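Just so you know, the protein sequences line up as chains S and B, in that order. Numbering follows this note's numbering, in which position 168 of the first sequence is assigned residue number 168; successive positions increment by one, without gaps. Numbering follows this note's numbering, in which position 119 of the second sequence is assigned residue number 119; successive positions increment by one, without gaps.
It is possible that some hints are incorrect.
Since the list can't tell identical chains apart, any single copy or any two copies may satisfy a pair.
[Said to hold, decoys possible] In the BS3-like style, the derived pairs of lysine-lysine whose C-alpha atoms are separated by at most 25 Å in a straight line are:
1) Lys276 <-> Lys145
2) Lys276 <-> Lys87
3) Lys170 <-> Lys340
4) Lys114 <-> Lys87
5) Lys276 <-> Lys340
These aren't lab readings, by the way, just hints derived from the structure by calculation. Note that the structure is a prediction, hence the values are computed from the model and not measured.
As a plain string of letters, each chain reads:
Number of protein chains: 2
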Amino acid sequence: MTSIQKWIYDSRPKGEISPQNYRLVQTDETLAPVRGEVVVEGVFWSVDPYMRIQQSAKDTWEPPHPLGEVQNGGVVGRVTEVGDGTKGLQIGDWVETFMGWRTHGVLSAVSCRKLDPEIAPVSTALHVLGMPGRIAYFGLTEAGKPRPGETLLVSGAAGAVGSIVGQVGKLAGLHVVGVVGTEEKARWIVHDLGFDAAINYCDHQSAGTMVDAFCKVAPNGIDIYYDNTGGYTTDAVIQSMNLRARIIICGQISQYQGGLDDPNTGPRLLHHFLYKRATLQGVLARDFTARMDEMLTHMGPWVRDGKIRYHETIIDGFNNLPKALCGLFEGANTGKMLVKV
Amino acid sequence: MTSIQKWIYDSRPKGEISPQNYRLVQTDETLAPVRGEVVVEGVFWSVDPYMRIQQSAKDTWEPPHPLGEVQNGGVVGRVTEVGDGTKGLQIGDWVETFMGWRTHGVLSAVSCRKLDPEIAPVSTALHVLGMPGRIAYFGLTEAGKPRPGETLLVSGAAGAVGSIVGQVGKLAGLHVVGVVGTEEKARWIVHDLGFDAAINYCDHQSAGTMVDAFCKVAPNGIDIYYDNTGGYTTDAVIQSMNLRARIIICGQISQYQGGLDDPNTGPRLLHHFLYKRATLQGVLARDFTARMDEMLTHMGPWVRDGKIRYHETIIDGFNNLPKALCGLFEGANTGKMLVKV
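Input sequences plus hints: build the corresponding full structure.
Here's what the structure looks like:
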């Protein structure tokens, strides 16, 4: 018998999410993998903004996360038992899997991605060499269509996705500006990650002054906007974009705490797309799942050689998972937010 | 000496445009075409929603229309004099040209498009076989990427562009729904133009009830939205669009009467683009100027054979040009609004 803990998504948040929306349960279970299955013991759990989207009362890319079930999510852990017919995986192997907020899982072996700790620390499979890295890479290169010398603006630039987007942008020869929420994050993306400039959105109460700020840090205008936040940053970009600009909607975190069900309001600016013959496109990591290897072919060596850097904000203790998720919406993370046991 | 009348764009409208923003001047001039020039006497003048955009105080696709100058715009007229070196044009020829709101113009012959009255009435060079037809055709076929069986929703569906878009959509095998502002226009697009259904936006006070209406007339959801109006119709579409929907921003007429300088507000809905991996693209007729012949190759026979129909709302008298322009924003036109002498 194994003592197992699980976080159950228990009630739909009204507006801001809180740990009260989750319930921790503990059970003793016999973990018995059958043919093709393995047992995984979690070590790193991912918290991601999309989790809050799935708590909207409305269908999004799929129906809302069911109540009363284990919160879904990506996990990195070790294989502790193997059934027959799983010879690709052995006890002790590191894997990345989507087993959610539970300490142990009996999983189909084919749903586990085996990790090579020689390439990079295994936790990177939840960010720079995982789902966030995949959408950062393909979102920028495919939807963004970057050309050397163009200007890229990234919102949520110190987040798990934004911090990678900016660095891939630099490798693609772009002038890169990041929008962040603290001075410390601004310093990090410029001094450690090599962004050309940073803007702290907290210095601006509205789109108007942000447009002025863009003129200074992006004097040639904005060709590509990789948006993780939405809100008035997007309003300012729409008024600062160049002819044939590309806007990539990867996230809208400023809208998630209630705004998905009861929308915030903002200025109607779609007429600018007409003037600039600009394009806006939504992207989702799952559309590129089949191209994971292609992403790793590029990003693996970049991470190994230090051309792409990352930072992990690690919260200790499985107990703290809901608190860590809530922290995402307060900007508590620099780079990737992870929970570790 | 020829007695010439001109409408001067005299003052910037604050909010709603009115004839007070124009001034009529009359002069006697000697019209003397030099080498390569012709004299054109106008017969049909076009009024177009873009004219109001150019009266915004801000740069759009070009700087604002200068004050104190003749209002620009497309005109169909007859050649009354020719200089040397214009042998492509002869006295009596019909031409379409961008000479603006004046009764006569001395123009470079190469700026005039010679018309063949055998193909269609010459006034069509200002709509179905002119600029509005060009953006309707290329906006739908290139930005819309229609596939047979998909659903197309068109706003401003009884306007010069929208009425063509819907008919090209039917020829492309689409299910076509038009949004209009009167019951009479609804009947026209369904009974005369062959749209599958019409919605009168005046029956709806908000996006919410319009979403319900879309469910009835577009039961398979919306794949392509060709937007000429913006406003809450667009809000409703964003909440009704299918996976990988394409939104084409061709016009935003609901925003032009002041909203360009002092934006209206509406709900923040960009997160839906993420869920649906949808695309939004602004289009402008001038991007397809070089492909006019290609458009005419398709549209000319369709118009000749009655596969594409049109309607002209003709206002008599050069004196009435500003009044005709203002009428566009009150929905006074069915199909193309023209002024004729």
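Evaluation of the provided hints:
Taking identical chains as interchangeable, the C-alpha atoms of Lys276 and Lys145 lie at most 25 Å apart whether they share a chain (16 Å) or sit on different chains (20 Å). In the homo-oligomer, the alpha carbons of Lys276 and Lys87 never lie at most 25 Å apart, since the shortest distance is 55 Å inside one protomer and 38 Å across protomers. When the C-alpha separation of Lys170 and Lys340 is checked against a cutoff of 25 Å, the pair qualifies neither within a copy, at 31 Å, nor between copies, at 57 Å. In this assembly of identical chains, Lys114 and Lys87 lie within 25 Å of each other by CA distance solely inside one copy; the values are 12 Å within and 76 Å between copies.
In the homo-oligomer, the alpha carbons of Lys276 and Lys340 never lie at most 25 Å apart, since the shortest distance is 46 Å inside one protomer and 33 Å across protomers.
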